[in-house]
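*Asks:* Letter by letter, the chains look like this.
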Amino acid sequence: MMHRREWIYGWLFLSPALLFLFTFTHYPAVKTIVSSFFSTPRGKRPAKFIGIENYQALIQDEVFWKVLTNNFWFAVGTIPISVGLALLMALWVNSKLKGTTLSRIAFFAPTVLPLIAVANIWLFFYTPGFGLIDQFRSGLFGLPAINLLGNPDTVLAAMIVVAIWKEAGFFMIFYLAALQSIPPVLKEAADVEGASNFYYLRKILFPLLMPTTLFVSINAVINSFRLVDHIFVMTEGGPDNASSLLLYYIYETAFKYWQTGYAATLTVVMLILLSVLAIGQFFLFDRKVHYQ
Amino acid sequence: MKRFGRFRTSVASIALLWGMTSAAMAVDLEFYFPVAVGGKAADTIKELTDEYAAANPGVNIDAVYAGSYGDTVTKALTASRGGKPPQLSVILSVDMFTLIDEEVIMPFDDLVETDEDKAWLQSFYPAFMENSQTGGKTYGIPFQRSTPVLYWNKEAFAEAGLDPDTPPSTWEETIEMGKKLVKKDGDGNVTRWGVRIPSSGFPYWLFQGLTTQNDVILANSDGNQTNFADPKVAEALQYLVDLSTKHEVMAPGIIEWGATPKAFFEGQTAMMWTSTGNLTNVRNNAPFDFGVGLLPGNVRRGAPTGGGNFYIFSDSSDEQKKAAFDFVKWISQPAQSAKWTIATGYVAPRPDTWETAEMKAYTDDFAPALVARDQLEFAVAELSTYQNQRVTAVFNDALAAAITGSKSVEDALAEAQKQADAILKEYR
Chain A
1 MMHRREWIYG
11 WLFLSPALLF
21 LFTFTHYPAV
31 KTIVSSFFST
41 PRGKRPAKFI
51 GIENYQALIQ
61 DEVFWKVLTN
71 NFWFAVGTIP
81 ISVGLALLMA
91 LWVNSKLKGT
101 TLSRIAFFAP
111 TVLPLIAVAN
121 IWLFFYTPGF
131 GLIDQFRSGL
141 FGLPAINLLG
151 NPDTVLAAMI
161 VVAIWKEAGF
171 FMIFYLAALQ
181 SIPPVLKEAA
191 DVEGASNFYY
201 LRKILFPLLM
211 PTTLFVSINA
221 VINSFRLVDH
231 IFVMTEGGPD
241 NASSLLLYYI
251 YETAFKYWQT
261 GYAATLTVVM
271 LILLSVLAIG
281 QFFLFDRKVH
291 YQ
Chain B
293 MKRFGRFRTS
303 VASIALLWGM
313 TSAAMAVDLE
323 FYFPVAVGGK
333 AADTIKELTD
343 EYAAANPGVN
353 IDAVYAGSYG
363 DTVTKALTAS
373 RGGKPPQLSV
383 ILSVDMFTLI
393 DEEVIMPFDD
403 LVETDEDKAW
413 LQSFYPAFME
423 NSQTGGKTYG
433 IPFQRSTPVL
443 YWNKEAFAEA
453 GLDPDTPPST
463 WEETIEMGKK
473 LVKKDGDGNV
483 TRWGVRIPSS
493 GFPYWLFQGL
503 TTQNDVILAN
513 SDGNQTNFAD
523 PKVAEALQYL
533 VDLSTKHEVM
543 APGIIEWGAT
553 PKAFFEGQTA
563 MMWTSTGNLT
573 NVRNNAPFDF
583 GVGLLPGNVR
593 RGAPTGGGNF
603 YIFSDSSDEQ
613 KKAAFDFVKW
623 ISQPAQSAKW
633 TIATGYVAPR
643 PDTWETAEMK
653 AYTDDFAPAL
663 VARDQLEFAV
673 AELSTYQNQR
683 VTAVFNDALA
693 AAITGSKSVE
703 DALAEAQKQA
713 DAILKEYR
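Protein sequences appear in the order of chains A and B. Counting from 1, one number per residue, gives the positions in the first sequence under the numbering used here. Counting from 293, one number per residue, gives the positions in the second sequence under the numbering used here.
One or more of the hints may lead you astray.
As the list claims (entries may be wrong) - Derived PhoX-like pairs (lysine-lysine); straight-line CA-CA distance at most 20 Å:
#  : chain 1 : residue 1 : chain 2 : residue 2
1  : B       : Lys-472   : B       : Lys-446
2  : B       : Lys-614   : B       : Lys-631
3  : B       : Lys-446   : B       : Lys-471
4  : B       : Lys-710   : B       : Lys-524
5  : B       : Lys-710   : B       : Lys-429
6  : B       : Lys-554   : B       : Lys-429
7  : A       : Lys-66    : B       : Lys-367
8  : B       : Lys-524   : B       : Lys-699
9  : B       : Lys-524   : A       : Lys-256
10 : A       : Lys-48    : B       : Lys-475
11 : B       : Lys-710   : A       : Lys-66
12 : B       : Lys-538   : B       : Lys-475
Derived from the structure by calculation, the hints contain no laboratory data.
Let the sequences and hints guide you as you build the complete structure.
*Replies:* Right, dumping it as structure tokens:
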């Protein structure tokens, strides 16, 4: 009897979270997979089953491959640098140097700002002619105006810089919290044993930070697919899709072109990619992560 | 006790009766509107709907600000799919085919009853109606419409030894004058360009000015056939590319829309092409004397139109449709239309608005406002097809590829035509 009641309590406690998880995560995911095998309903013509036609269109869609490639470079460009920067900044503001409070605020400020606002600020930095970057270039070095957002060769790099600037401070907070939870006796013991700072960093600090690194890097991977707000403001994916990312293309397909069937197919690709990456990271890091 | 009971019943029946009559009399209209230019537009819409509601007690209009043009069409379509469409909405004129394709709007012709209504349908500038009619029916009523014009900096013209009151009137003159207007500093860097034709986001709109001037139309009026691979289109695109690469009178690469007025104010460019929607902005912020003129011509003068129309949604009751029709008729009358134009800078869509005392006073004070009206004579429909957003996206990508030099003009256009054909095949 007692056992049965505990079982009921368990489900009661779980049910609010489960309800939300099912309504907003699992049901839409399953529905998306189902929709990806149907055509787009228009007016009074309902969606009809078309098998793998959407997936065949996907393989032939040049724009899809382009945004996927862009997304790959966007991830490669943002993840290591923003995580690395975050660690450096955390070590810096965790030290006992003067002015750390100010640097903490400065490093964290971009995280507090909404990405749309950030994008508008950077839009001004990048503006050819009278933007901040060009004012420096022409004022200090007498260089000609540069159109970073209007050139397909530089636009993606310009977007990557914005994303790093936005993200590094956020990840820094996690590293800072982790650093502050590391007992100082370890450092003292290392000093007594005559270990160099670098040795301490490599053999003690990094392994202890591994759970944080796993958490942060999974977040960084997800963000490299999720962060597209600045594209709306700065480039709308242009020129010629040079700065478009997978999620932005899904948005365009679904809510600009109203190709909801095809958008569901693109979403399935994104779902698979994200699951594979997250699971892969768990396995990759699993042996190196030590939880205390 | 008994009296009290009767009293209660009578109160109840009166309440019931009152409820029924008010339900029979009052018509509720939901009206989505976008705001594409800053400031006063939303207030003016509220003012106008309040004024109408005060004069027509039987109609309640709920004017809902729905965001940008893109947000508004998204909201209207989502609401329609959910079975709760608005009765009325202002949406881009180019979205007409999309709305027809989704079977959510109805032609105004079905609501026309009297000769007066018929005359009203004929009272708008034909240039604006091109984007509002298809298959012999009228689906949209022009409301917040615009057209691109040429703005020039008179001081820069004088400085370059040009007549400050004469802007270029042809493609050739744009190049000639542009070359004189380009200014370089000691390092050989350009500090002022001759002309600026923005190309970010939706380059097709201003490019359509060039194609019209080259006497070629980009899409048919049935919205199922595009003409991107025409040699005249290629010629127009080559001209646009040459302005930067060959003649060096315009900055290279994609040029941002948003920064264009600012670049003009800062003296970074001596001329710019942009919407009449910027008139008030330029008037308030340009620190120099400026002129507003027709876009230069080539084979002919030409410009596209742009902006939003009124649409009536079909999934409404007959009373609602009638009331919506009546409201659109009212708000497009010269008095209301003049108020709207003066507050926002949009082009008044019918000739008699320009004859009102208010508009006369406004244009006497600020003559550039007339340029847009004078250009309507040369204006054509904005590019619009079925699956409009997809087709224009394909075309925009092609233009961007040619402007940034990643594809040749001919290849880019031929590919765009091929893709547009594939999309539009099912509508032929």
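*Asks:* Against the earlier hints, flag every one the structure doesn't satisfy and list their numbers going up.
*Replies:* 2, 5, 6, 7, 9, 10
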